[in-house]
Amino acid sequence: MVARKILQELEFETSEAADGQLALDACNASMPDAVLLDWNMPVMDGITFLRELRKAPGGDKPIVIFCTTENDLDHIQEAMNVGANEYIMKPFDSDIIQAKFQQVGLL
Amino acid sequence: MNPADFEFISSLILSRSGLVLTPDKSYLLESRLMPVARKHGLKDLDDLINTVRSRKDEALIVEVTEAMTTNESFFFRDTKPFDLLRDEVLPPVLEKRASQKRLRIWCAAASSGQEPYSIAIVLKELGAKLAGWKIEIVGTDISHDILKKAAKAQYSQFEVQRGMPIQLLLKYFDKVDENWVVKPEIQNMVQFKYWNLLEDPKPLGNFDIVFCRNVLIYFDAKTKGTVLDSISKLMPDDGMLFLGGAETVLGVTEKFKPVPGQRGVYARV
Numbered sequence: 001m002v003a004r005k006i007l008q009e010l011e012f013e014t015s016e017a018a019d020g021q022l023a024l025d026a027c028n029a030s031m032p033d034a035v036l037l038d039w040n041m042p043v044m045d046g047i048t049f050l051r052e053l054r055k056a057p058g059g060d061k062p063i064v065i066f067c068t069t070e071n072d073l074d075h076i077q078e079a080m081n082v083g084a085n086e087y088i089m090k091p092f093d094s095d096i097i098q099a100k101f102q103q104v105g106l107l
Numbered sequence: 001m002n003p004a005d006f007e008f009i010s011s012l013i014l015s016r017s018g019l020v021l022t023p024d025k026s027y028l029l030e031s032r033l034m035p036v037a038r039k040h041g042l043k044d045l046d047d048l049i050n051t052v053r054s055r056k057d058e059a060l061i062v063e064v065t066e067a068m069t070t071n072e073s074f075f076f077r078d079t080k081p082f083d084l085l086r087d088e089v090l091p092p093v094l095e096k097r098a099s100q101k102r103l104r105i106w107c108a109a110a111s112s113g114q115e116p117y118s119i120a121i122v123l124k125e126l127g128a129k130l131a132g133w134k135i136e137i138v139g140t141d142i143s144h145d146i147l148k149k150a151a152k153a154q155y156s157q158f159e160v161q162r163g164m165p166i167q168l169l170l171k172y173f174d175k176v177d178e179n180w181v182v183k184p185e186i187q188n189m190v191q192f193k194y195w196n197l198l199e200d201p202k203p204l205g206n207f208d209i210v211f212c213r214n215v216l217i218y219f220d221a222k223t224k225g226t227v228l229d230s231i232s233k234l235m236p237d238d239g240m241l242f243l244g245g246a247e248t249v250l251g252v253t254e255k256f257k258p259v260p261g262q263r264g265v266y267a268r269v
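So the protein sequences, as listed, match chains F and C. Quick note on numbering: my numbering labels position 33 of the first sequence as 33, and the sequence is numbered without any gaps. Quick note on numbering: my numbering labels position 161 of the second sequence as 161, and the sequence is numbered without any gaps.
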């Protein structure tokens, strides 16, 4: 995954989940500082994941950044309404990841 | 390229723009000027230089100079200067001008417009505090082409994502096909003008705040001093100057002094 490689170059410790439900299980087991989230995931999509995450104990803490091909205004607005902190529209590059992480105070 | 040609073209660019080109940057001449050569049907850089030398064609010289300028720009570049503008610089400046309600800001190397539009958004976000104020943000650059892009206020998805927070993107941009266009309420706060920083900027009028970020790095020490001294003459006693992170006034001019605790911000002396 391109994003993981960029984040590792920025010296973040990363882990990945194969679908939305596994991502939620992983967060419930140990809340991360930040979640980079696709809209389109198997089993549970990104927006459902985010709703569930924000309801979970401690789930208000992680900074959540969408990173997706869903680039229309409705999707972006919905993500922000549900509690995303930032939104990266694919395609992206390392400058964009870095800029977004700076904006949310992770860099 | 032979040394005489390099000397000729680098001297021409220095005299026209203040840009210093050292021999180790000759690759830049190649990458920036080959498109100009091709456009004019010239076979290579030597051919272009010979043409410039023999024809003394002003339009071609301007084109060569513009091609050598660096037009890298991001919205809210480096983030911190815009926080300092909002939280530290603007409050006292606005307080002192509360009766005349007039504020002028100059972006001295506006490039494709991201910096002046970012400043306009910072001001717009102050909302009611600036109701009734006459705000003018003037963006200047030495490249006509880049100013056309700036005035168009249309940016690609890549460009807006380099620095524009998503909430502000939703608030101050319209999505038009695959691009993002700055809304008229922000566009109307900014005007663009061609200006060469080597010229006396007096005709541009006076400015309360000047952004001259990441341009002095391309100038030699004497030119840096001259440019900063000229800028100081346009500013009131409480005028504030923003420079890039790798730039300073120390050893360059005595017309500005660093503001303690505000990196990149300089007060008029």
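By construction, these hints were calculated from the structure, which means they are not laboratory data. Some clues are possibly wrong.
[As the list claims (entries may be wrong)] Keeping only pairs whose Cα atoms sit at most 35 Å apart, straight-line, the calculated DSBU-like set for lysine-lysine is:
1) C:Lys56 - F:Lys61
2) C:Lys183 - F:Lys90
3) C:Lys171 - F:Lys90
4) F:Lys55 - C:Lys175
5) C:Lys222 - F:Lys90
6) C:Lys80 - C:Lys96
7) F:Lys55 - C:Lys149
8) C:Lys80 - C:Lys222
9) F:Lys90 - C:Lys96
10) F:Lys90 - C:Lys101
11) C:Lys149 - C:Lys233
12) F:Lys5 - C:Lys80
13) C:Lys101 - C:Lys25
[Stated by the list, open to error] Stretch-level coverage of chain F by chain C, calculated; a stretch enters the list once three of its residues show a Cβ under 8 Å from a Cβ in chain C:
14) 74–82
15) 99–106
[Said to hold, decoys possible] Beta-carbon label-pair distances, calculated as ranges:
16) F:Ser15 - C:Gly261: 48 to 58 Å
17) C:Asp87 - F:Met80: 20 to 30 Å
18) F:Pro91 - C:Asp174: 40 to 50 Å
19) F:Ala18 - C:Pro23: 28 to 38 Å
Beta carbons are placed, not taken as given, at the ideal position from N, Cα and C, and that holds for glycine.
These are the hints, each one checked on the structure:
About 64 Å separates the Cα atoms of Lys56 (chain C) and Lys61 (chain F), which puts this hinted pair outside 35 Å; it is violated. Pair hint Lys183 (chain C) plus Lys90 (chain F) holds up; C-alpha atoms about 23 Å apart against a cutoff of 35 Å. Our distance criterion of 35 Å between C-alpha atoms is met by Lys171 (chain C) and Lys90 (chain F), whose separation comes to about 20 Å. A hinted pair counts as satisfied when its Cα atoms are at most 35 Å apart, and Lys55 (chain F) with Lys175 (chain C) qualifies at roughly 32 Å.
Between Lys222 (chain C) and Lys90 (chain F) the CA atoms are separated by roughly 45 Å; this puts the pair beyond 35 Å, and the hint is violated. For the proposed pair Lys80 (chain C) and Lys96 (chain C), the alpha carbon gap of about 24 Å is at most 35 Å, so the pair holds. About 45 Å separates the Cα atoms of Lys55 (chain F) and Lys149 (chain C), which puts this hinted pair outside 35 Å; it is violated. Annotation: proposed proximity of Lys80 (chain C) to Lys222 (chain C) holds, straight-line Cα distance about 28 Å (limit 35 Å).
For the proposed pair Lys90 (chain F) and Lys96 (chain C), the alpha carbon gap of about 45 Å is over 35 Å, so the pair is violated. Proximity of Lys90 (chain F) to Lys101 (chain C) is assessed by CA-CA distance (about 43 Å); at most 35 Å being required, the pair is judged violated. Pair hint Lys149 (chain C) plus Lys233 (chain C) holds up; C-alpha atoms about 30 Å apart against a cutoff of 35 Å. Straight-line distance between C-alpha atoms of Lys5 (chain F) and Lys80 (chain C) comes to about 27 Å, which keeps the hinted pair within the 35 Å bound.
Distance restraint check for Lys101 (chain C) and Lys25 (chain C): the Cα-Cα separation of roughly 47 Å exceeds the 35 Å cut-off, and the hinted pair is therefore not satisfied. Under a criterion of three residues with beta carbons nearer than 8 Å to beta carbons of chain C, the stated coverage of the region 74–82 of chain F is upheld, 3 such residues being counted. Coverage of a stretch by a chain is defined here by at least three residues with a beta carbon nearer than 8 Å to that chain's beta carbons; for the region 99–106 of chain F and chain C the count is 4, and the condition holds. Between Ser15 (chain F) and Gly261 (chain C) the beta carbon distance is about 39 Å. The supplied range of 48 to 58 Å is therefore violated.
Range check, Asp87 (chain C) to Met80 (chain F): about 24 Å between beta-carbon atoms, so the 20 to 30 Å window is met. The supplied range of 40 to 50 Å is broken by Pro91 (chain F) and Asp174 (chain C), whose beta-carbon atoms lie about 21 Å from each other. Between Ala18 (chain F) and Pro23 (chain C) the Cβ separation comes to about 54 Å, which falls outside the hinted range of 28 to 38 Å.
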